[in-house]
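Q: Chain A is already provided as a structure; the job is to place chain B on it using the hints.
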Amino acid sequence: MSDLRDLYQEVILDHHKKPRNFQRLEHANRQADGYNPLCGDKLSVFMHVENGILKDIGFIGTGCAISTASASMMTESLKGKTESEAKAIFERFHLLVTNHSDPLPDPSTLGKLAVFSGVREYPVRVKCATLAWHTMRAALEGSRETVATE
Amino acid sequence: MMKATEEKPARKRAGYDVRRIREDFPILSRPVNGKPLIYLDNAATTQKPQTVLDALTHFYTRECANIHRGVHYLSERATESHEIAREKVRQFINAKSAREIIFVRGTTEAINLVAQTYGRTRLGSGGEILISGMEHHSNIVPWQILCEEKGAHLRVVPITLSGEFVLEQYAELLGPRTRLVAITSVSNALGTINPIREIIRLAHECNVPVLVDAAQAVQHQPVDVQALDCDFFAFSGHKVYGPTGIGVLYGKERLLEAMPPYQGGGDMISSVTFQKTIYNKLPYKFEAGTPNVSGGIGLGAAIDYLQFIGLENIYAYEQELLAYGTRALLAVEGLRIIGTAKEKSSVISFVLEGVHPHDIGTILDRDGIAIRTGHHCAQPVMEFFGIPATARASLGIYNTRDDFDILVEGLKKVKEVFQ
Chain A
1 MSDLRDLYQE
11 VILDHHKKPR
21 NFQRLEHANR
31 QADGYNPLCG
41 DKLSVFMHVE
51 NGILKDIGFI
61 GTGCAISTAS
71 ASMMTESLKG
81 KTESEAKAIF
91 ERFHLLVTNH
101 SDPLPDPSTL
111 GKLAVFSGVR
121 EYPVRVKCAT
131 LAWHTMRAAL
141 EGSRETVATE
Chain B
151 MMKATEEKPA
161 RKRAGYDVRR
171 IREDFPILSR
181 PVNGKPLIYL
191 DNAATTQKPQ
201 TVLDALTHFY
211 TRECANIHRG
221 VHYLSERATE
231 SHEIAREKVR
241 QFINAKSARE
251 IIFVRGTTEA
261 INLVAQTYGR
271 TRLGSGGEIL
281 ISGMEHHSNI
291 VPWQILCEEK
301 GAHLRVVPIT
311 LSGEFVLEQY
321 AELLGPRTRL
331 VAITSVSNAL
341 GTINPIREII
351 RLAHECNVPV
361 LVDAAQAVQH
371 QPVDVQALDC
381 DFFAFSGHKV
391 YGPTGIGVLY
401 GKERLLEAMP
411 PYQGGGDMIS
421 SVTFQKTIYN
431 KLPYKFEAGT
441 PNVSGGIGLG
451 AAIDYLQFIG
461 LENIYAYEQE
471 LLAYGTRALL
481 AVEGLRIIGT
491 AKEKSSVISF
501 VLEGVHPHDI
511 GTILDRDGIA
521 IRTGHHCAQP
531 VMEFFGIPAT
541 ARASLGIYNT
551 RDDFDILVEG
561 LKKVKEVFQ
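In order, the protein sequence lines correspond to chains A and B.
First residue of the first sequence: 1, per the numbering used here; consecutive thereafter.
First residue of the second sequence: 151, per the numbering used here; consecutive thereafter.
Chain A extracted, bound-state conformation (with noise of 0.2 Å):
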């Protein structure tokens, strides 16, 4: 049985409480929406990206802690980044949070990213911790569908 704490990391409930990158960008050229209708989870993610680099990220939106310290999160990690190495980091993201591997991904390919190693034991939240990172994704793709993941 797992430790509420492993969830509710501090680190987790700093980014719902203050979350970075937390604004629309004016020079967005990627955009896209995620909505989880049947939990209520919204956010839209902007980025700019300039010869196949994320210069800026940012999102927008409101949800729960763990949707919200997700995005909060991705922006950081993925700001400067390119885009095959931010479709790498997505990857193994979802491996971290759906329990797809055993065991836990090496931490320092993902940095800060691992703390959210808890929400495997919280499969019902695994949709928190994984919309923004779809709605990023669709962005990159240039898709116009609002994304979801439930």
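Hints in this document: simulated from the structure, not taken from any laboratory.
Hints should not be assumed to be uniformly reliable.
Claimed, not checked - Away from chain B, derived, C-beta distances all over 12 Å, residues of chain A:
no., residue
1, K17
2, D33
3, N36
4, D41
5, C64
6, S67
7, T109
8, A148
As the list claims (entries may be wrong) - Just so you have them, the derived chain B footprint on chain A, three or more residues with Cβ under 8 Å:
no., stretch
9, 7–14
10, 121–132
Quick reminder that beta carbons are idealized off the backbone N, C-alpha and C, glycines included.
A: For chain B alone, coordinates are given in the frame of chain A:
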């Protein structure tokens, strides 16, 4: 174990002994995450007393057979038990005749049945169906589907910020084009008890029939469909301490007689040829195929159990507990109750400042506390209050003041995590 009779419910238990009641529910002693289960999600589903569990086992070990056509002993026993259960339902809601009691899967199916049979034949282009702003999706979507099919319109009686139904606006919306009013007796999201009698009276003055969604009503107070004079009435077995997969549609006999069948198949016919098929009489006309036989029997046992306690006693106990729980929650700083009607039933929806309901629910769950979080299949209600979701505590016959005390302690912990 009390015995069910066919005539009237057995002698009533004196007083309300919640500890004794809790002993009847084996699941309540099951720990969750190493903590005692504090089950406050009764609006979603209720737990089952041992007598219901025994009735289900008894059917499958002693009476299991298909009903209605067999001549062998088990088939006769099963048929009789199933029809006894139907009679118990009739008594439970005081319907005039067992022909007016249709077994369905649940409230949702009951409403779809009325929409697809009564609705399809009575609603034309330009006609109107009237519902309220506090309805559950099951009492919205079947009408939307019907209206789209027929070129008809869904009109919605607004609710107030306290979650109350506005009779004056309802009276204004009732008009020559209204073909049916579909209204919830108790709101699952807000706990509001609606003025059903008055709603029906006003509708009948305009010759408009009324369907009552009683999914959140029948387990909390006595009901009498003849006194209400409602035209249709629907509820779910699993919300009245019975099994899942069974529910009831009540309809006035003359209405059901005039309605075409819902699903076609065995049992709902009296004769079949390739040239012509003649439908069966009520209630069987609306019960195609093998029904949920054990479900009906389990529902009958649940009704016996409730009537043994006494629905008036249940109402009195739960109202007092609701008042206690409401006071206890209001003392939590930053907590706001959504749904503050003057007359409420056993549901308390709330939001906590700075904490999303999902986070509340997850943290409470670690302490064995079961509440529901989300939009409760009432997205229009959430939109009206400008919130994505609420946390909802809903009580039943076995809940206690301790349950609310533990919930409040849990909420304090939630606040600590988020402060």
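Q: Against each hint, give a clear statement of whether it holds in the structure.
A: Structure-based check of each hint:
| no. | hint | in the structure |
| --- | --- | --- |
| 1 | K17 | 8 Å, violated |
| 2 | D33 | 15 Å, holds |
| 3 | N36 | 9 Å, violated |
| 4 | D41 | 8 Å, violated |
| 5 | C64 | 4 Å, violated |
| 6 | S67 | 8 Å, violated |
| 7 | T109 | 27 Å, holds |
| 8 | A148 | 14 Å, holds |
| 9 | 7–14 | holds (count 3) |
| 10 | 121–132 | holds (count 4) |
Going through the hint list in order, the structure does not satisfy hints 1, 3, 4, 5 and 6.
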